[in-house]
Structure formats: structure tokens, C-alpha cells
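**Student:** Once you know that position 50 of the first sequence is 68 in this note's numbering, the rest is easy, because the numbers rise by one and skip nothing.
One should not assume that every hint holds.
[Claimed, not checked] Derived lysine-lysine pairs resembling DSS-like cross-links, with alpha carbons at most 25 angstroms apart:
#	residue 1	residue 2
1	K27	K475
2	K475	K23
3	K392	K416
4	K558	K475
5	K475	K46
6	K27	K478
7	K570	K558
8	K46	K558
9	K478	K46
10	K293	K201
11	K23	K392
12	K201	K223
13	K46	K23
14	K27	K570
15	K475	K201
16	K137	K27
17	K558	K478
Keep in mind that the hints were calculated from the coordinates and are not lab data. What you are looking at is a predicted structure, and each value in this text was computed from that prediction instead of being measured.
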Amino acid sequence: MRVSKLFGKTLRDDPADAEVASHRLMLKAGMIHQAAAGIYSYLPLAWRSLRKIEQIIREEMDVAGGQEVRLSALQPRELWDASGRTEILGPQLFQLEDRRDRPLVLAPTHEELLLTMVKANVHSYRDLPMILYQIQTKFRDEPRPRAGLMRVREFDMKDAYSFDIDEDGLDVAYQAMVRAYRKIYARCGLDAIMVEADSGAIGGKDSHEFVLLADSGEDTVLLCEACGYAANAERAAFTKPPLPEEEPLPLEEVHTPGVTTIDGLAEFLGISAAKTFKAVFYMADGEFVFVAIRGDLDVNEVKLRNALAASELRLATPAEVESAGIVAGSASPVGLSGVRTVVDDSVHLGSNFVVGANRHDYHLRNANYPRDFKADMVADIALAEDGYICPSCDSRLKARRGIEVGHVFKLGTRYSEPFGAYFPDADGNDRPIIMGCYGIGVGRMLAAAIEQHHDDKGIKFPAPIAPYHASLVALNVADPEVVACAEDVYARLGEAGIEVLYDDRSETAGVKFNDADLLGLPLRIVVSARNLAQDAVEVKGRSESVAAAVPKADIVDRVREMLSGSYPQEAER
RNA sequence: CGGGGUGUAGCGCAGUUGGUAGCGCGCCACGUUCGGGACGUGGAGGCCCCGGGUUCGAGUCCCGGCACCCCGACCA
């Protein structure tokens, strides 16, 4: 491709509305165009890269035994009404009507439709196991699109679904998908780590996320360098430091004027926050819930939601707290009745806690569970944070930000049962299909790759997903010899199957070099009068600082060598 | 949905007490240059986000919308 003909122009100034690197660089390099918040079009450069990512995913899905399907994006809303997800998804679901006022939705995911197809086509245990996948556009009206391609409302996603007769089969499929995912990221030149994840509202048991560590990421993950434990913060467990066991002392009221916070309370009484118990109030599916946790810990709302099996969870408003008869600032589980109470299991790790007295300016010393208060539920609802103790060894966890680029779930019968996806087993008994689902965001992969591979000059594309393999820069196109050589090199590389972006524009060296660095193809080949004097052209890797002079005749071999050398996993294939 | 910010040329921005819009980059033409965002000369390019209002007169003041960005809430 000649740059003079390429659709898409680079920008000299940084676009004002882009803060994260991938967004800024893709706009600046002329790769993407924004239509509205979280809605982007892809220009040729981005689209080439995305297609390469898709192709890598497709190949690995096929190796893992997947069959590609293509499902309709426009779907009747009644399908979603039937699964109850019209309501669950709420405003996130794009809805429209056809000319006869029939309600339709733009599919945010495809479980519903796929299940109806599976029901129609799976008639026996002999049809299983099976893996289906699709790579196509999904629509979600996100509350807050952000960071360029990182979180958008229209996006391409690979979704795979496994269908098995039993849990053992699911385990096999799950492991095959995990292996495929690891290969996909490796082939794309991405350093993704697998972390334990919450399965969220999609349900199911085991769940893992694939995460690229990056400060611009939306997720927080906790990692243990010593034993390899890795989990999303929503899911992460940790060892809660125990307090010395004390003889239970009698409950005793203490005057605490003006004290309404845990820090204030600890300071006032000269004790550590861990010796206190704090109260937090939530509304879970409309029901008021009193939550208590040791003063040094914070509530993990995802764990709490799971413990309560609630679909909607939010902090209670001050008015709701008051109408529940709670004295905010001195709230206490002691003497509480008629309110659902959840207590973190840290209640077992200590004694003689200081709690509120349900009376302004008073707290209670020496509260002990279960002597002084009851709970409807005791569970781990604590949020893991940086520096906490690893749950599987005694090292410290590190908190890092990351970009979620893949998520795998063991769904079990979560969808097959309600959708009636049953099959007769060898004994003729109907059994629900055991399912797994496995997603990768294609556009987010591209954004994440750029987050992970860039410098102050621009992108540094991993070769397998670069829009082209090399930039060919002709310096001074007014010089006929330079042009002749560049054309010759362009033609020969093209014949050798190497994808070259040929900068044939009448621009100065600085402009061309800067644009080449900005787009960040793996190699840069320069043809100039200076090199031509030695019958050479020069080749430089995007990350290298000095270029190598290569005899003109050797250029094809040399480029091939350098491309395979930088990505051995590609060369092996 | 709450908080903050921004809407003026393709991009980045300025615009004074209200007086009919400018700079840089980019773009077009010609010439000189030619290894890290060159230079000269000449040009083109505007629904000042939208709608009301005040005023002789509004990019500017007032009211009401909308859009986009950031933080938070939310996020199969």
C-alpha cells in the first residue's frame, strides 16, 4: 500500500479528547474515527489489524474444536423477555421497533438465540460435546463509554459456547479454551495473565479473566509473586490478620462525643481500627441490609451481592438508614432486630470489639459474637487490598490495574435449564446440557496491545497484529534513483508476501520518520541517496535505535529474517 | 444518574468593556529545499453546538436544550 493513496491522515497535534495512550495514538495515526460516545468506525489501518486479531482467534478456536457460526444481531425482544434479561439488562439493552411496531433488540450477547438453535439441533447425547463460536458485533448501551476502544457501545467480540453432557466434559472444554486463550494472547504478542474472577450476573461456578496489566485498565487484580495466586479484586480472597484471643469481658457503654467514624473512634479510644466493628447499610433488591465488618477492612460489594444472591445492590440512602431505625455514626448490630444482618467472617478473628451503641455519641466496648449480637449470615465479604496477606501462602498481595481482554465461565445449567435445552442420555433420561462460555473483546485487544506496546513516539505493533509488516520510506522522491530503488524494493517485498506500507509521499524526512514511528510497524526500511551510494538500503526495528545497512540484493531475506526473529512463536507455525 | 470540564476552520487553540472572527498546524498553487514534524510568495476554507431572549447590534450577556471528555455510581 502506498501512503499517498492510503485512506486516513495522521495528525500532528495530539487530539484533545483522548487521554489514554491507545485512544490518542489510534486517533493520531488515523486508524479510527468516532461517530458518538463509545461508537467508532475503523479506517483501513485499524481494520487490517483487527482482522488479523480475529484471524488468530479464529484459528485457535478451530484448533480447539470450535465451529464458527454467525447469529443475527437484530433479535425479537420476546426472546429476551422470555429469559428475563430485558429487565436484568435494563437500559443497557438497545431496543427498537420495526415498521409494524414489533419490538426488537440489538443483541448485547447471544445466549438466548444460540440456545434456541441448539435446542433445534441437538437431539441426543450423541450430538455432544460441541463448541460453537462467533466473532461479531455486539451492542450494549454502557452507562459510561470511555478510553477510546477500551469500553464502547458497539464492539466486536468473539464468544464461544461449549455444550457437554456432564461436568467432566465441561472441565475438558474449559481447559481447551484456556489453552487456546493462552495461545491467542501469545500469538498476538500480548502478555496476559489469567486470574480468578467473579462470574457476575452471568452466573456459574469457575470463572477466570485474562488481564493485561496496565495503569489505564479498569480492573484491579491482586497478585502474589511468591505463589502465583492471582485474582480480580471482586473475587480475591486474603488471610485476615487475627487478633490475640482475649477473655470476653462484659459489655460496657462508653461516651464518645462527636465520634462518628472508625478512624475517629480508634483515635479517641486509643485502639487500632481492627478492634472495632463498623456498620454499612445496603439496599439489596429493595430490602434493607445491615452489614458489619471489622474496622480495618472494607466491604467488597460483589462478594456481598453474591452472598445475598441479590441482583441489585446499592448503598442505602441516609433516609433509608434513618427509617430503618439506625443511628448513623453509632450504628450497632447489638440489640438490632427486624433487620437483615450480614457479618463478615472477621468477626471470628478477635474479641471484645468496640461497636456502636445505636445512640448518638455512645459506643459499646467488649462486644462478642455470638454472645452480644446475631447475624442472619456470616460470610467473607471483605475487599482485598494491596499489601494484604495472600490466601494461599504468607506473602503480601500486590494490587495492580489491568485490562480485561478475555473471560471464561463455567455456566453449568444456568441457561440450559431455563431455556429447556435438554438431551436424552444413553438411558433415555432427559438431562440439561452443561455449558461454558468464553469471550474475547477484539477491539479491546487492539487497544490493550497498544497500551502495552508504545513509547512517546507512537505505537510499537507486535508483528502478528501490525496492519503491515514494514514501513518503506523513500527519502526525497524528487531523486529518480531513490524512487526507482524504492519501487524495486516495494515490488520484491510484495512478491515475497511481505506486507509493506510504502511512504511515497513528497514529504521531508522528518515527517516520514515521525509518521513511521507513530504507526509503529515492526520494521522500517529506508531508501535514500546516502544508502544508495553503497548499494544498500537500511532496516531498523521499531524498538531499535540504530539502523542496519543491508545490501539491496539481500533485503527480502533480511526482512523475512527480522520479522520471524522477533516473534518466534510465529516462526514455528 | 451525581460531580467537574469543554463546544469557534480538517486538527490544536485565542477572541478584551457586546461592534459583524483570528493564530498555529494541515490543505491548494508556484518556486527553493531534501536523513528527524524545512522556507518563501500567493490562495481557499466558518450554522462561532442548537433554540429562545435582551440589545440598534450577541462568538461574547440571560434562559433552556444537546453533544463530547474526565472522576464516581454502574458495567453479561
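**Student:** State for each hint whether it applies.
**Tutor:** Results for each hint:
| no. | hint | result |
| --- | --- | --- |
| 1 | K27 x K475 | 16 angstroms, holds |
| 2 | K475 x K23 | 24 angstroms, holds |
| 3 | K392 x K416 | 34 angstroms, violated |
| 4 | K558 x K475 | 15 angstroms, holds |
| 5 | K475 x K46 | 11 angstroms, holds |
| 6 | K27 x K478 | 18 angstroms, holds |
| 7 | K570 x K558 | 14 angstroms, holds |
| 8 | K46 x K558 | 22 angstroms, holds |
| 9 | K478 x K46 | 14 angstroms, holds |
| 10 | K293 x K201 | 48 angstroms, violated |
| 11 | K23 x K392 | 74 angstroms, violated |
| 12 | K201 x K223 | 24 angstroms, holds |
| 13 | K46 x K23 | 18 angstroms, holds |
| 14 | K27 x K570 | 30 angstroms, violated |
| 15 | K475 x K201 | 29 angstroms, violated |
| 16 | K137 x K27 | 49 angstroms, violated |
| 17 | K558 x K478 | 13 angstroms, holds |
Hint check: violations occur at hints 3, 10, 11, 14, 15 and 16; the rest are consistent with the structure.
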